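Heads up: the protein sequence lines correspond to chains A and B, in order. Counting in numbering that gives the first Met the number 0, the first sequence runs from 0 upward without gaps. Counting in numbering that gives the first Met the number 0, the second sequence runs from 0 upward without gaps.
It should be emphasised that the hints constitute simulated quantities derived from the structure, not laboratory data. As the structure is a prediction and not an experimental result, all values here were calculated from the model. Think of the CB as a built atom: it goes at the ideal place given N, C-alpha and C, for glycine as much as any other residue. Among the hints, a few may not be true.
Unchecked claim - Simulated coverage check for chain B against chain A, where a stretch passes if three residues somewhere in it have a Cβ under 8 angstroms from a Cβ of chain A: (1) 29-37; (2) 40-50; (3) 68-79; (4) 112-119.
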Amino acid sequence: MRAFRSSVRLLAVVAFAIAALEASLGVAGERLLGAEVPFVDPVLDSHIRFFAGLWIGVGALLLVFASDVIRYATPLRILLGSVALGGVGRLVSVCLVGWPSAIVVALMVFELVAMPLLLAWHARLVRSERAPRTT
Amino acid sequence: MSGLATFLRITAPVFVLVGALHLCLGLNADALLGAKLPADVIADATLDSQNRFYGTSFTLYGALLWLSASDLARYATVLRCLLVVFLASGVARLVSIALRGNPSALVLGLMVTELVMPAVLLVWLARSTRGEPPKPSLRADERRAMKGD
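Bound conformation, chain A alone (with noise of 0.2 angstroms):
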């Protein structure tokens, strides 16, 4: 349990690490990402932060989360479901436009495959607690 807790709280510091670079650069942040924009556009730009501002609400709903992943256990899913959707939504993304930067794969890896790997970590967790207990 402490564990999992542990691993959902690292995941929060990634998504802060990742939200708070973007909501302050804009554009900017997705070039060091390996885009190439030439130029800043405000409704681009305003999209890009406004996101990465609903990132760091991703952090901070997962460290909620951590704090009792048996009472949140169904927003909890839901969160790590959508990460994993957005990692879909990369994939959607190659298929029609090609293949991104290094770093942008190695993200989307990770969304593929370690929240699922989260999922079923939590659901044996949340199994094994409310099993009744013989003593």
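With chain A's structure known, arrange chain B on it following the hints.
Same frame as chain A, but now just chain B:
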């Protein structure tokens, strides 16, 4: 209480719709909002990947709003977090204006909504849950199990 829950249930599908739009259109969804992006920027795979990722995972907010509406007392903390984050994200748009200039009128409209609606909903939530005892969130056997942790 039920008025707020109904409002959240009406709002939640909008987030799923926006997520689906980004999943299907990528950066062209931003173009719909008034972004003036040349073809080579729209074809940038890294930017497109980031856009589809953020857009698709945005559906999280719709799912969590829907879940919160199912039991406002139990998920009050989650809902408060969501609303505060929305407010903060609206502020992030203000930062963008300060640094990069005004976006399209549509995005300005979105920003006003993001700054006003969370504040209104936070007050609504506080009034709805005022005086209500915290709802037990765990079954008795779950609480016993937690004590044994």
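These are the hints, each one checked on the structure:
1. Requiring three or more residues with a Cβ within less than 8 angstroms of a Cβ of chain A, the coverage given for the region 29-37 of chain B holds, as 6 such residues are present.
2. Check result for the region 40-50 of chain B against chain A: holds, 10 residues qualifying (beta carbon to beta carbon below 8 angstroms, three or more required).
3. Counting residues of the region 68-79 of chain B whose beta-carbon sits less than 8 angstroms from any beta-carbon of chain A gives 3, enough to reach three: the coverage restraint holds.
4. Remark: the region 112-119 of chain B is not confirmed as covered by chain A, as 1 of its residues place a Cβ nearer than 8 angstroms to a Cβ of that chain, below the required three.
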